[in-house]
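Peer 1: If you want the building blocks of each chain, they are given just below.
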Amino acid sequence: MEKLAQELAGKVALVTGGTKGIGKAIADRLLEAGAQVIVTARRHPEEKLKHHFIAADLTIASDTVKIVPEISKQFGAVDILVNNMGGSTSPSGGFGALSDQDWENDLQLNLQSSIRIDRAILPQMVEKKSGVIIHISSLTGVLPVYESLGAYAVAKAALNNYSKSLSKEFSPKGIRIAAVSPGMVKTETMDSYLHSLSDTSGSSVEEVTQNLINSLGGIPMGRMANPEEIAELVGFLVSPRASYITGVNYIIDGGTNPSL
Amino acid sequence: MKKTEKELQGKIALVTGGTKGIGKAIADELAHLGATVIVSARSLQDGNLEYEFIAADLSQSEDIKQLANKIIQQYGTLDILINNVGGTSAPAGGFSVLSDEDWEKDLQLNLLAAIKLDKALVPSMIERSTGVVIHISSLNGKLPLYASNFSYGVTKAALNNYSKALADEVASKGVRVITVSPGMVKTTAMETFLNSYGASIGKNMEETAQLVMDSLGGVPMNRLAQPQEIANLIGFLVSSKASYITGTNYVIDGGTIPTTI
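Protein chains in written order, with our numbering: chain E, 1 to 260; chain A, 1 to 261.
In case anyone wonders, no lab produced these hints; they're calculated from the structure. Since the structure is predicted, the reported quantities are computational estimates derived from the model, not experimental observations. For glycine and all other residues, C-beta sits at the position ideal for the given N, C-alpha and C. A few of these clues could be false.
Partial list, computed: chain A residues near chain E (C-beta under 10 Å) [said to hold, decoys possible]:
1) K116
2) A167
3) D168
4) E169
5) V170
6) R176
7) M213
8) L216
9) L224
10) S240
11) N249
12) I252
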């Protein structure tokens, strides 16, 4: 594999939830392009990390506020913010299975934590008159599902609206803001999720996987994405090559979205 | 700005309308990334071009057949097809000034040319289970402007639907198909359009550009795109790095479109 050009040399990048799955792939990709990468997660993973690590639970307001001066002191202003953190702990079983707490959890994890970290980091970007913010959303934000991930999808739809709104306000100030909406991606989290669906339903992992794919209408490409494929799109979007791209939601889903 | 070198080494690429504007920027970018680039247009006006040039009027079925045959005969294959040809000669001024012929010309240029060329060249991609087709559309396909270029937007909207349908059909066969929708781009074609629209409403080019930007709701980045910026996105999309991207429409418009998607 050829060596990537160092197009992010000198840039400071923060990737939330950057220790596994899509976040880790993104962090690795930005590092390859020369960025100094800081990742956050609630706990340091067992393995050694290539990136600077800050422990934080960004669903907690005080944690978010705490990490920003830490980052500034050690690395300077953040040039690239990838809001990758997200997910769901809500049960399957449709709308009726979701409690108030499930809704709050999914909104907190997928929407409000992004809002909070954006609010904390934006002043640095506004002062520099430059910066890029990526919101990792989900195809379910435009293609809702209800059997499981119903609240997650709603939170992602809200995230999409928020991302667009933020881009309208801040692109005139030199900051590019975009959402990326992956379809199904093959990660450990996805595997655990499919296994837990299998456990609760009594169907095999293959069956629940196919049911989930069917609920999306099928995947024309016939497979899930690799995390690296999502990371490549993010790597492009945060680079100077994407200088006219802002206020968009780029779907990366092997053709899954049935609509234009 | 350094870029990944030789990402497209060994790939054969055709760029329609590749002698000027966005098409030329795309041709240059693909060549920079290592592709062998063939460019088509009705004629080679400036005489000199670094790439193989094949004259073709994509409104003529015979020209399309010959273009496809020449490529397959000479290269055996096509890896990358950039359907960039498009535009409008229809007058501004709303729906009632558009003649039947204006509509037919825009449909031919912005929709049927791509359909016919894909029909001639995509089967060989399917046979080899590999290939990428890009349809250069326009923000107007999603965000119509009735006063300035009514029929252009309509025909681009049709192109968007066609591109998605084709993508769905060939995804399982190893061929990716993607629509790209630029907003306002700084090219001589844009200047021509602004001048002619401006003439019809008594404004100069700068005033007309501002008027068009206003009628789109404003451009958050407050400028037009450079053709290179469009070419950068295409260069990424046709590469193996974009292997999971198909059946979608990527807008590149400095934030212009006011809706979430």
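Peer 1: With reference to the structure, classify each hint as holding or not holding.
Peer 2: Hint check:
1. K116: violated (21 Å)
2. A167: holds (6 Å)
3. D168: D168 (chain A) check passes; min Cβ-Cβ to chain E is 5 Å, inside 10 Å.
4. E169: holds (8 Å)
5. V170: OK, holds: V170 (chain A) within 10 Å of chain E, min 8 Å.
6. R176: OK, holds: R176 (chain A) within 10 Å of chain E, min 8 Å.
7. M213: Hint violated; M213 (chain A) Cβ to chain E Cβ min 13 Å, cut 10 Å.
8. L216: violated (12 Å)
9. L224: holds (9 Å)
10. S240: holds (9 Å)
11. N249: holds (6 Å)
12. I252: holds (5 Å)
When the structure is compared with the earlier hints, violations turn up for hints 1, 7, 8 and for no others.
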